[in-house]
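Going line by line, the protein sequences match chains A and B.
Oh and the first sequence: position 133 is 133 in this note's numbering, straight run, nothing missing.
Oh and the second sequence: position 207 is 207 in this note's numbering, straight run, nothing missing.
Don't read these hints as lab results, they were simulated from the structure.
One or more of the hints may lead you astray.
To be verified - With a straight-line Cα cutoff of 27 Å, these simulated DSSO-like cross-link-like pairs (lysine-lysine) come out:
#: 1; chain 1: B; residue 1: 107; chain 2: A; residue 2: 204
#: 2; chain 1: A; residue 1: 62; chain 2: B; residue 2: 99
#: 3; chain 1: B; residue 1: 107; chain 2: A; residue 2: 62
#: 4; chain 1: B; residue 1: 137; chain 2: B; residue 2: 13
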Amino acid sequence: MQELINIFVKSIFIDNMIFAYFLGMCSYLAVSKTVKTGMGLGLAVTFVLTITVPVNYLLQTKILDKGALQWLDPSFAEVDLSFLSFIMFIAVIAAMVQLVEMVVEKFAPALYSALGIFLPLIAVNCSILGGSLFMQERAYATIGQATAFGFGSGIGWLLAVLAIAAIRERLKYSHVPPALRGLGITFMITGLMGIAFMSFMGIKL
Amino acid sequence: MEMSKPKEALFSKKNRGLLKDPMNVNNPITVQVLGICSALAITVKLKPAIVMSLSVIVVMALANVITSLMRNMIPNRIRIIVQLVVVATLVILVDQVLKAFVYDVSKQLSVFVGLIITNCIIMGRIEAFSLGNSPWKSFLDGIGNGASYGLILIVVSFFRELLGNGTLYDYPVVEKLGLYELGYHNNGMMLLPPMALIVVALIIWWQRSKTPSLIEKD
Numbered sequence: 001m002q003e004l005i006n007i008f009v010k011s012i013f014i015d016n017m018i019f020a021y022f023l024g025m026c027s028y029l030a031v032s033k034t035v036k037t038g039m040g041l042g043l044a045v046t047f048v049l050t051i052t053v054p055v056n057y058l059l060q061t062k063i064l065d066k067g068a069l070q071w072l073d074p075s076f077a078e079v080d081l082s083f084l085s086f087i088m089f090i091a092v093i094a095a096m097v098q099l100v101e102m103v104v105e106k107f108a109p110a111l112y113s114a115l116g117i118f119l120p121l122i123a124v125n126c127s128i129l130g131g132s133l134f135m136q137e138r139a140y141a142t143i144g145q146a147t148a149f150g151f152g153s154g155i156g157w158l159l160a161v162l163a164i165a166a167i168r169e170r171l172k173y174s175h176v177p178p179a180l181r182g183l184g185i186t187f188m189i190t191g192l193m194g195i196a197f198m199s200f201m202g203i204k205l
Numbered sequence: 001m002e003m004s005k006p007k008e009a010l011f012s013k014k015n016r017g018l019l020k021d022p023m024n025v026n027n028p029i030t031v032q033v034l035g036i037c038s039a040l041a042i043t044v045k046l047k048p049a050i051v052m053s054l055s056v057i058v059v060m061a062l063a064n065v066i067t068s069l070m071r072n073m074i075p076n077r078i079r080i081i082v083q084l085v086v087v088a089t090l091v092i093l094v095d096q097v098l099k100a101f102v103y104d105v106s107k108q109l110s111v112f113v114g115l116i117i118t119n120c121i122i123m124g125r126i127e128a129f130s131l132g133n134s135p136w137k138s139f140l141d142g143i144g145n146g147a148s149y150g151l152i153l154i155v156v157s158f159f160r161e162l163l164g165n166g167t168l169y170d171y172p173v174v175e176k177l178g179l180y181e182l183g184y185h186n187n188g189m190m191l192l193p194p195m196a197l198i199v200v201a202l203i204i205w206w207q208r209s210k211t212p213s214l215i216e217k218d
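Whole structure, please, built from the sequences with the hints as guidance.
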């Protein structure tokens, strides 16, 4: 249990998707103009990450890894399908996003129209595929750990988007040099927040 | 339908514009805000940045051509999945080639090769351009956008490697110039990931000061 909490906290603060790896920057910049849209997309990303990482974990350990197909037949011990992982992961993600889209449309129409174009684009949000690829690279031992990692990464992304959206709302009242307005200053602030988040690196979990 | 039109020269002014515009007024990173995800994490050194740019150019040009060839056959509702499959296949090929020929760089790039699949530039250009244009134009658009993405990557990694590490493409420039004896120190901060964002912000600042039409209104 303690191990799961460690992974969860680590993926929120130390390995934050945005401040440590810059994953999902495109939608992060696009939806962070107001807190409301940021919150909506943040929740959707968290939800999709929490589902896709464990599903892809099962895919990785039961089908794609070298010798993973042994449960089917002992003669498959030498089969190594890991080169297929990109295409399998992205297929799972695209299917899951479609599912989330349908559920949101049915149960939260207001949220659905607020998110608009960004919901289908979660499929091409780097942080979702990045979550699955980091899961593969770090080779988590159990599905519980993979889930904790996916959930934590999602929360970390949500946190980052909320923080920058709140700052950008206030930024409207400040005097930014014209050429830096909008994109430039957002980059700089994200960079500064990233430096602040680096202080979590010293924490050993 | 295209046959009836007078044939356009391969490098007509419009086609050259497809190659040239992304370099400045329509740069994918600093103006269209696409593809920042993978752009920043791999710019600590020049070598991975160059390998990454080449991979993106290859994937982009081919993906644009393939989707453009199929553009009249893809049903609208499932086009995102079709595009993802095309791009993912190409990225798998690139990944295998990198693993075979430049294994050390492939290890450094780690998950970021896979992330070319979800690189917003590729999906964005397919959606915005190659679904409505001929294969040759899409090819030029892919090369143009890929190359200007690479340009930003290389500029950022040039400064980060030079100031942070004192080397260029692993060649110890600062040491050869003898600056260390004069009391020069590398700025280790440039190696930290957030500095990539700040360098890109400076590029945006410089570009928008030179081209005021790009300045955002509110």
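Holds or violated: residue 137(B) and residue 13(B), Cα atoms, limit 27 Å. 12 Å, holds
Is it true that the CA of residue 107(B) sits at most 27 Å from the CA of residue 62(A)? 24 Å, holds
Are the Cα atoms of residue 107(B) and residue 204(A) separated by 27 Å or less? 25 Å, holds
With the threshold set at 27 Å, check whether the alpha-carbon distance from residue 62(A) to residue 99(B) stays at or below it. 24 Å, holds
Violated hints are absent here; each numbered hint is respected by the structure.
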